Structure formats: C-alpha cells, structure tokens
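For this one, chain P is given, so just place chains Y, X, G, H and D on it according to the hints.
Chains as they are written, first to last, in full-length UniProt numbering: chain P, 1 to 72; chain Y, 1 to 72; chain X, 1 to 72; chain G, 1 to 72; chain H, 1 to 72; chain D, 1 to 72.
Keep in mind the hints are simulated off the structure, nothing from the lab.
Simulated restraints, written as ranges between beta carbons of each label pair:
#1 H:P54 to G:P54: 36 to 46 Å
#2 D:S5 to Y:G35: 23 to 33 Å
#3 H:E31 to Y:S5: 25 to 35 Å
#4 X:L72 to Y:S34: 46 to 56 Å
#5 G:G51 to P:L72: 41 to 51 Å
#6 P:E31 to H:P33: 46 to 56 Å
#7 Y:P54 to P:P33: 18 to 28 Å
#8 P:G35 to X:T32: 36 to 46 Å
#9 X:G51 to H:E57: 38 to 48 Å
#10 X:V37 to G:E57: 19 to 29 Å
#11 D:E21 to H:P33: 26 to 36 Å
Which chain D residues stay away from chain Y? Per the calculated CB distances, all over 10 Å, these:
#12 E18
#13 E31
#14 S34
#15 L72
Selected chain Y positions facing chain P (Cβ under 7 Å, derived; list incomplete):
#16 I42
#17 A60
#18 L61
#19 V62
#20 A70
#21 A71
#22 L72
These figures come from a predicted structure and were not determined experimentally. Idealized CB from N, CA, C, for every residue including glycine.
Number of protein chains: 6
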Amino acid sequence: MSIQSINVRNQFRGRVREIIEGPVVSEVEVETPSGLVVSSVITTRSVKELGLAPGREVIALVKASEVAIAAL
Amino acid sequence: MSIQSINVRNQFRGRVREIIEGPVVSEVEVETPSGLVVSSVITTRSVKELGLAPGREVIALVKASEVAIAAL
Amino acid sequence: MSIQSINVRNQFRGRVREIIEGPVVSEVEVETPSGLVVSSVITTRSVKELGLAPGREVIALVKASEVAIAAL
Amino acid sequence: MSIQSINVRNQFRGRVREIIEGPVVSEVEVETPSGLVVSSVITTRSVKELGLAPGREVIALVKASEVAIAAL
Amino acid sequence: MSIQSINVRNQFRGRVREIIEGPVVSEVEVETPSGLVVSSVITTRSVKELGLAPGREVIALVKASEVAIAAL
Amino acid sequence: MSIQSINVRNQFRGRVREIIEGPVVSEVEVETPSGLVVSSVITTRSVKELGLAPGREVIALVKASEVAIAAL
Numbered sequence: 001m002s003i004q005s006i007n008v009r010n011q012f013r014g015r016v017r018e019i020i021e022g023p024v025v026s027e028v029e030v031e032t033p034s035g036l037v038v039s040s041v042i043t044t045r046s047v048k049e050l051g052l053a054p055g056r057e058v059i060a061l062v063k064a065s066e067v068a069i070a071a072l
Numbered sequence: 001m002s003i004q005s006i007n008v009r010n011q012f013r014g015r016v017r018e019i020i021e022g023p024v025v026s027e028v029e030v031e032t033p034s035g036l037v038v039s040s041v042i043t044t045r046s047v048k049e050l051g052l053a054p055g056r057e058v059i060a061l062v063k064a065s066e067v068a069i070a071a072l
Numbered sequence: 001m002s003i004q005s006i007n008v009r010n011q012f013r014g015r016v017r018e019i020i021e022g023p024v025v026s027e028v029e030v031e032t033p034s035g036l037v038v039s040s041v042i043t044t045r046s047v048k049e050l051g052l053a054p055g056r057e058v059i060a061l062v063k064a065s066e067v068a069i070a071a072l
Numbered sequence: 001m002s003i004q005s006i007n008v009r010n011q012f013r014g015r016v017r018e019i020i021e022g023p024v025v026s027e028v029e030v031e032t033p034s035g036l037v038v039s040s041v042i043t044t045r046s047v048k049e050l051g052l053a054p055g056r057e058v059i060a061l062v063k064a065s066e067v068a069i070a071a072l
Numbered sequence: 001m002s003i004q005s006i007n008v009r010n011q012f013r014g015r016v017r018e019i020i021e022g023p024v025v026s027e028v029e030v031e032t033p034s035g036l037v038v039s040s041v042i043t044t045r046s047v048k049e050l051g052l053a054p055g056r057e058v059i060a061l062v063k064a065s066e067v068a069i070a071a072l
Numbered sequence: 001m002s003i004q005s006i007n008v009r010n011q012f013r014g015r016v017r018e019i020i021e022g023p024v025v026s027e028v029e030v031e032t033p034s035g036l037v038v039s040s041v042i043t044t045r046s047v048k049e050l051g052l053a054p055g056r057e058v059i060a061l062v063k064a065s066e067v068a069i070a071a072l
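Only chain P is shown next, with the shape it has when bound in the complex (with noise of 0.2 Å):
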C-alpha cells in the first residue's frame, strides 16, 4: 500500500516502533516487515496530532532529493 496521490517516490510502510519525544522535536523509529528500520525526527506537535506509538501503522516518506548513494 502506499499513499498514490503524492509524489514521493520513497514510502516506507511500517510500525512505530520507538518515539523518544522531546520538547521541539522527536525521534521516531518505524519499522517494515521486513525488518528495515527508518528513522524520523519530526515535531513533537505531529507526533500528537498524528496520535503516534509504538505499534501505530504508518509510511515513513523521503523525497528522492534527499537521498544521498555511497558506493561499496
């Protein structure tokens, strides 16, 4: 699943699995099924208007700009 009508082309799908929440801004960690976890800072404002916690549903987005590659 994903949200089609955005055009963010990275959506990550998964559980909340931690929030360490802070006064401005708070990290949160969502993890796929398939065990990759993604690591978010947003405002602590969102984290409670999105009623986020550990277990919550979500997709985790990045704009492609974003991303940088390093080569192995």
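Positioned in the frame of chain P, the structure of chains Y, X, G, H and D alone reads:
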C-alpha cells in the same frame, strides 16, 4: 553492512537497478535484497565519479530530519 | 482542506500554474487562491505519474525543518 | 517585499505568531497577511541571534527542491 | 561578511567558479578565498534571475539540519 | 582527505569545536583548519554512537541540492 562512521541513521544497502541520466542531475534507483526500491536524485557528476551503473552495489543514505511520517 | 494523516505541517493548496519539464526533474509552480506562488522541483517521473498539468488541483507540502527564517 | 538577492524561490512574508523554544531547536510559526501559517524548525541560537519574538516581521524561505506535491 | 538577518548558520562567501546549466536545474560551484569549493544545485531560473556567472561574488548558504557528520 | 565513495560533493574536514546536547537532537559545530565553522544538527543518538566530543576529527557533509545561493 553499513558506513559506521557516519551519523546518517537510515542506510539502505542494495544494487543500482536503473539510472536516468540528465545533463545536471540523474535519478538513481536502488533495490534492496528484500525488494524495496529507493529512488535518489544526485548530480550527474557524482554518478560518473562514483562509477554508478546497473548492478553496482551501493548504500542509499537519508538523514532522519528528511523523513516525513503519514499515519494510516 | 489538507492531508490530515501526514506530519508535514506546511500544506499549501492551490492549482498548478506552470510546469517546466526536464529529462530528470521538473519545476512545478503552484498558485494558491490568495495569489501566493509556491515553486517545487520534483522528478519528471512523478509529474507524469501524478498526471500534473496546468489547472490541476494540488497541495504543496514542506517539512518544518526545511524552512529558514530571515528577520526584517 | 522579498530578499531579492537569494535564489530561494519560495518566500513567505509574515509575522511570528508563536515560538516553542527547546534547548537546541525551536519551532517558529509565521503567519502571513492572508492568514497562511508557515511552521519552521531552526536552532534556538538562531532564534536568539535574530531576536525573534511574537509580532516580529520575518520572511520564511524554502528551497524549491524541498517542496513535495500531492494531487487531489 | 554575511547575511546577518537570516537564520542560516552556515554561510560560505566566495566567487562562482563554474556553472553547468541544465533545462530545469543547474550546478553552481562556489570557491572561497581559502580554496574551499562548495557545490550547489538550484533552478536555472534562479541562475538567470540572480545573474550568476563565473567570477560573481556570492554566498552559499546551508541550514544546519542539512549537515551530516562522519567521524574519522 | 575525503570520503571518496559517497556522492556528497561538499565535504568539510575539521574538528568538533562545541556540542550543545539536547534530549533528541544536538548542535555540533565543526571548525576547519582555515577557521571556517560549519554547524550541524543531528540526533543525540548519533552524537553518542559516533563518540563525538570537542577536538574529535570529523567531516561535515552537505548534499549540493541543499545549498542555496545569495548574490552580493
């Protein structure tokens, strides 16, 4: 495996699936072993300097502050 | 109206005014009802997948961490 | 009015409506004359150096590459 | 010298060394007096509106939240 | 010296000058040999995982698409 010395929390290891090359920037698609596709836009200079081509093993990196969250 | 399920605080609803299409990325200008113009650079693939064209109703989204402030 | 010498295409002029101050970063809300609210997360050091406070006239700036588009 | 009214902490003053112009975005290389080269991708419209050309004095600006750190 | 395998064009080598630690994110200031100061906001988790402290040698990295240009 990961680049352990960098602070970027989100590292997706995979192989280059496709490159759409433009005069200034190019779109690079990376596919992870679990089938996840991560899309990146980087300078075409970097594509050449890194010697990127389909099949090449790479890591896609994203800063946590660039990741948005959508609730389902 | 807004996309309520996403954490992105800044949502500007409007219509596509102009698209400058390039081989990899395109510039999309969105005009809000109050006359504000928001400019976006996204992949040309996304422009096509979303079926963007002048007059199309869209929402421009910006993460709060991407907004700089200048004092007057 | 705008900062004409900068390449940032998206400039939203308004007044600071609210500041949520944290130890490292703060959230600054800017309201434009047409009632649009733009939210920004910047360092608390910058908040102090710029002398930001509710009512202060500011410009919120966003690079076009940071703007995502959702179709309605 | 710097743009004192903006919150962007990282300001690198220098001269344009090279511009690679594309149909939508261009790469602009800025060289500081100490020989540091900063590379920027901005819209080609902005390149034209700012009248950028090799030798032109400019400031490259980066928000602190966009800077990653690698340990050596 | 630089991290040659990564596409990030802008790499500023230096030493950590100061760290302002917050509960979720921290501000890290890096000073280059030529006296340039680069400011970064990263997660406090990363600060700890990388073992960052004043005097530590690091590289500050910035994607070219995150760099804005102001004309003088």
